[in-house]
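Please build the complex by placing chain B on the supplied structure of chain A, with the hints as guidance.
2 protein chains.
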Amino acid sequence: MITGGLGLIGSALARRLADFGADVDVLLVDSLNENFGGNLFNIENIRDRVRINISDIRDTHGLRYLLRDCDFIFNLAGQTSHMDSMSAPFEDLQINCLAQLSLLEACREINPSVRIVYASTRQVYGRPQYLPVDEKHPIHPVDVNGINKVSGESYHLLYHQAHGIRSTVLRLTNTYGPHMRIRDARQIFLGIWIKNVILGQPFEVWGGEQVRDFLYVEDAADAFIATALSDSTIGKVINVGGSEAVSLAELAGLLVDGTQTAGFRVCEFPADRKRIDIGNYFTDDSLFRRLTEWRPQTPLRVGLERTVDFYRANSRHYL
Amino acid sequence: MITGGLGLIGSALARRLADFGADVDVLLVDSLNENFGGNLFNIENIRDRVRINISDIRDTHGLRYLLRDCDFIFNLAGQTSHMDSMSAPFEDLQINCLAQLSLLEACREINPSVRIVYASTRQVYGRPQYLPVDEKHPIHPVDVNGINKVSGESYHLLYHQAHGIRSTVLRLTNTYGPHMRIRDARQIFLGIWIKNVILGQPFEVWGGEQVRDFLYVEDAADAFIATALSDSTIGKVINVGGSEAVSLAELAGLLVDGTQTAGFRVCEFPADRKRIDIGNYFTDDSLFRRLTEWRPQTPLRVGLERTVDFYRANSRHYL
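Sequence lines, in order, name chains A and B. With our numbering applied, the first sequence has no gaps in its numbers, which climb one by one up to 476 at the end. With our numbering applied, the second sequence has no gaps in its numbers, which climb one by one up to 476 at the end.
Because the hints were derived from the structure by calculation, they are not lab data. Among the hints, erroneous ones may be present.
Same chains, same names: a pair is fine if it fits in one copy or spans any two.
What the hints assert, rightly or not - Distance condition first, Cα-Cα at most 27 Å in a straight line; then the derived DSS-like pairs of lysine-lysine:
1. K352 x K293
2. K352 x K431
3. K393 x K431
4. K393 x K352
Here chain A stands alone, though its shape is the one from the complex (with noise of 0.2 Å):
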């Protein structure tokens, strides 16, 4: 079962998952909110392949009777977005806190060998003291939806240790590609640029000295099947970073390399997201690489190059 299964990680791990044959039975969860990250054309190409389910993970009768027979859960639902979060608290925090509460105490009440990967952010961060950012920097959350994911990881983390659930927190940097959210910056900022980029407009770079790291869809996809795999990261809490960290005028830099748009220009952060930025960030990520064979096979540059190619084909869909 993979939660947000329609979204942009969780429709790239199905399609891995498709990939290893009839043996592996994939039921994707996804309510479809039309704030959020999910859509049906994600997994077109896969749709004979996999099961989907239409549910919140708020519905809690419905995913009892959904996560009785699993045997993974990429948990990877959730609400994303920042700026939402602090003007909508209490949708996140039924989303990121409570549901996650509720999808442990299913398990650990009718089907506790179950093995959970759950999808967590940089974000419980804050603003970094010092960097790269390993798994023992200071948790110091800075908006509605940092606090709740902070809740999420806990519970996960608790409900291995009290209970014996076979859970693993990854921490995913910003990650990027095929099937992201464009219509706004509600998953991720990049996806405002690309949309500009194919409407041949300018985009927008606030600030533009902060450093990022970036990781491709489908080396998370892997990332997940790797924990998945790897007995040895069950309990465990483990950043995943991105092939490589660039400056965000750097990476505009990248983005209008490989097109012919009308680029972008740099200007100042607008107060309300200055207030929740957190400067510099990229992950030190040599705990997963030593729990498992995982590394980052995408360069930047060619996924932001594919990550084009596919929204100048299918914009239709995400706009």
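This is chain B only, laid out in the frame that chain A set:
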């Protein structure tokens, strides 16, 4: 307003505030949930000098009305039992996580200039990595209660940082004294000890070697007032420790010395408690001592004597 105003610390704080005289209007909000620490007898001697409103902090509409004219909120209401948080995790989440966000959202909307002091717990640190434990110690909650208290803290800090609400988080060590719950161990294990002392029965000390510091309830109440009156504490997380640190066996000895009881016996930790016990703990509260004039005034021996005397006279209200 004091949420949890009929509980151990809330009622001591109410007495202190009532003593300020007619200029201070004290509103006590308490659910009198039979599993928690609230008890009307706790405020019997100040009943004509305070207002009492029996309601649950999950009652969002009621709370919005009650807090609209408050200058100070001493936010002490909470589910405190670690075992109950494991067996009834959703109730713990509603009270210690969701209701805290509701209270802060209400303040942001209708009383943004209020001053809030939030009662958290040393439990958020989990098993200490070093001693004494200061505020920089990593957060590692070991039960559902700890996870939700971390969320409660984080919301208070975020609403300061993002919305300017003047809040402070106090992490209290084990607090004891007259007016605590002694019917069972839901508030503090010492409750059960006192109950047995009063009944002339031997009590059990689990383990016995673990070191803890203990904060007398009137010193805890003074800590809340010192915080509310010090602007330098706004936006901070601050430890509040006890007068001295002793092993549980020493604590039991002190308790028995001052009374004529059948004594105690040291025995093995029950398995379900062992799993979530955190070993030795005592507090570094030098930050609080730098920011305020507060010092604990009550030696442990004196506090224990006062506590036993109180329950000898009033046990029928607590058993």
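To see whether the hints hold, each was checked on the structure:
1. Taking CA atoms no more than 27 Å apart as the test, K352 paired with K293 passes in neither setting, with 36 Å inside one copy and 43 Å between copies.
2. Taking the shortest alpha-carbon separations for K352 and K431, only the intra-copy value of 23 Å comes in at or below 27 Å, while the best inter-copy value is 55 Å.
3. Only between protomers do K393 and K431 lie at most 27 Å apart by alpha-carbon distance; the minimum there is 21 Å, versus 32 Å within a single protomer.
4. Taking identical chains as interchangeable, the C-alpha atoms of K393 and K352 are never at most 27 Å apart, the minima being 37 Å within one chain and 41 Å between chains.
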